[in-house]
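Undergrad: Here are the chains, one letter per residue:
Number of protein chains: 2
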Amino acid sequence: MADQEQVVKLYGTWASPFSQRIEIALKLKGVPFEYIEEDLINKSPSLLKYNPVHKKIPVLVHNDKPVAESLVILEYIDETWKNNPILPLDPHEKATARFWASFIDNKILATAVKIGLCKGEEKEVVILEVCEQLKMLEQQLNGKDFFGGDKIGFVDIVAFWFQITHEVLGGDFFTPEKFPGLFEWIGKLQEIDLVNECRPPREKHLAYVRGIFECLINTPK
Amino acid sequence: MADQEQVVKLYGTWASPFSQRIEIALKLKGVPFEYIEEDLINKSPSLLKYNPVHKKIPVLVHNDKPVAESLVILEYIDETWKNNPILPLDPHEKATARFWASFIDNKILATAVKIGLCKGEEKEVVILEVCEQLKMLEQQLNGKDFFGGDKIGFVDIVAFWFQITHEVLGGDFFTPEKFPGLFEWIGKLQEIDLVNECRPPREKHLAYVRGIFECLINTPK
Chain L
1 MADQEQVVKL YGTWASPFSQ RIEIALKLKG VPFEYIEEDL INKSPSLLKY NPVHKKIPVL
61 VHNDKPVAES LVILEYIDET WKNNPILPLD PHEKATARFW ASFIDNKILA TAVKIGLCKG
121 EEKEVVILEV CEQLKMLEQQ LNGKDFFGGD KIGFVDIVAF WFQITHEVLG GDFFTPEKFP
181 GLFEWIGKLQ EIDLVNECRP PREKHLAYVR GIFECLINTP K
Chain P
1 MADQEQVVKL YGTWASPFSQ RIEIALKLKG VPFEYIEEDL INKSPSLLKY NPVHKKIPVL
61 VHNDKPVAES LVILEYIDET WKNNPILPLD PHEKATARFW ASFIDNKILA TAVKIGLCKG
121 EEKEVVILEV CEQLKMLEQQ LNGKDFFGGD KIGFVDIVAF WFQITHEVLG GDFFTPEKFP
181 GLFEWIGKLQ EIDLVNECRP PREKHLAYVR GIFECLINTP K
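Those sequence lines, one after another, are chains L and P.
1 is the number of the first residue of the first sequence in the UniProt record's numbering; add one for each residue after it.
1 is the number of the first residue of the second sequence in the UniProt record's numbering; add one for each residue after it.
Same shape as in the complex, but just chain L (with noise of 0.2 Å):
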């Protein structure tokens, strides 16, 4: 399908790191698209119509057709677009890719979350878990600059949120002392410029991640 034909949009907001993995996914492919910014706290017919079941952002609608969940949308535009792999082409490569994906999204986030949720005694267990976490994450570049290899891929797209969110939650457990695999990889993703164009105002976003997590710690559960 010639690119003339191709309808793109993405529905996100600018601070989520959940359509800044499509974002990036997209612009590695070159695929123009139009970003279409949700205003979260009033949802537009639009967002309520392509994710009804969710009624979240990110979504891609390509021609009319929806789709939800950012890894789902990572793996369609991987398969609709072929050049510029994201995920390896290797059944297994591409099977431990998504290991760490699902790794990323459902251990280390949670667990981060739970950082700025706890207090005391418990928040000190919690911190030795999430540590443990990017243990073993890191342990995965062995001496690479990317997740992906000598280039970023699917891993590094989904990892991306680590790059502002240490800086409010990391305190003196995320350090370059401690982790210098990821910080050196936090550096080379540093050095793309088409990742740099996806990351939004430092000081606007790291005020709007320290509001969520001020949020999280003072709302009486």
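Derived from the structure by calculation, the hints contain no laboratory data.
Hints should not be assumed to be uniformly reliable.
Here are the simulated SDA-like pairs of lysine to any residue, each with C-alpha atoms no more than 20 Å apart in a straight line [what the hints assert, rightly or not]: (1) P:Lys55 <-> L:Lys56; (2) L:Lys55 <-> P:Glu138; (3) L:Lys56 <-> P:Gln133.
Bear in mind that the values here come from a model prediction, so they are computed numbers and not experimental data.
Please arrange chain P on chain L, whose structure you already have, making use of the hints.
TA: Just chain P now, with coordinates in the frame of chain L:
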């Protein structure tokens, strides 16, 4: 690669819907495999070696290379053995199947577990929630025999656990009157010999699932 060169092992447990998924997929593909029953109270050194991150079943070991996480394994199987596709070939249909598989694992399963954990009014709210989720899933059948169309596919395999869990948790909310589509689908699954081979002995299985929920309900939190 010729079949005789392939060594395929599945580490699972008889009552786990997650290892049942893999059994069904391998049988659909006609892949011969060795099934190794794990004792989850005394995990084997092999399991710990092949899945050091989660230390969980199922693990598929193909020519000594392990793949863990049931959805990741299903994708691996479908990409490695191309006959009898489990996922649709069209990228948008494939994305839709992945979306619903994720919905089953991350939403319906999580809510079903909550039913076992809640009491009184709270339980009523959770039951309403799971009914709404099941209704959304049921709509995907839309007159078809299976979620995959006229034959069993990815979403059918992932939703396979409904066929027994509902007998423990279903009570008066998961009934053929309220969910005629899902009950017809359960009936269609029961007509497939290959699927029946993966079904554990009924009374033993029911007792096991009941045991899990009784433990969840009665263990102090």
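Undergrad: Taking only the CA atoms, is the gap from Lys56 (chain L) to Gln133 (chain P) under or equal to 20 Å?
TA: 16 Å, holds
Undergrad: If you draw a straight line from the CA of Lys55 (chain P) to the CA of Lys56 (chain L), is it 20 Å or shorter?
TA: Measuring from Cα to Cα gives roughly 32 Å; hence the hint is violated.
Undergrad: Is the straight-line distance between the alpha-carbon of Lys55 (chain L) and that of Glu138 (chain P) 20 Å or less?
TA: 19 Å, holds
Checked against the numbered hints above, the structure breaks only hint 1 and satisfies the rest.
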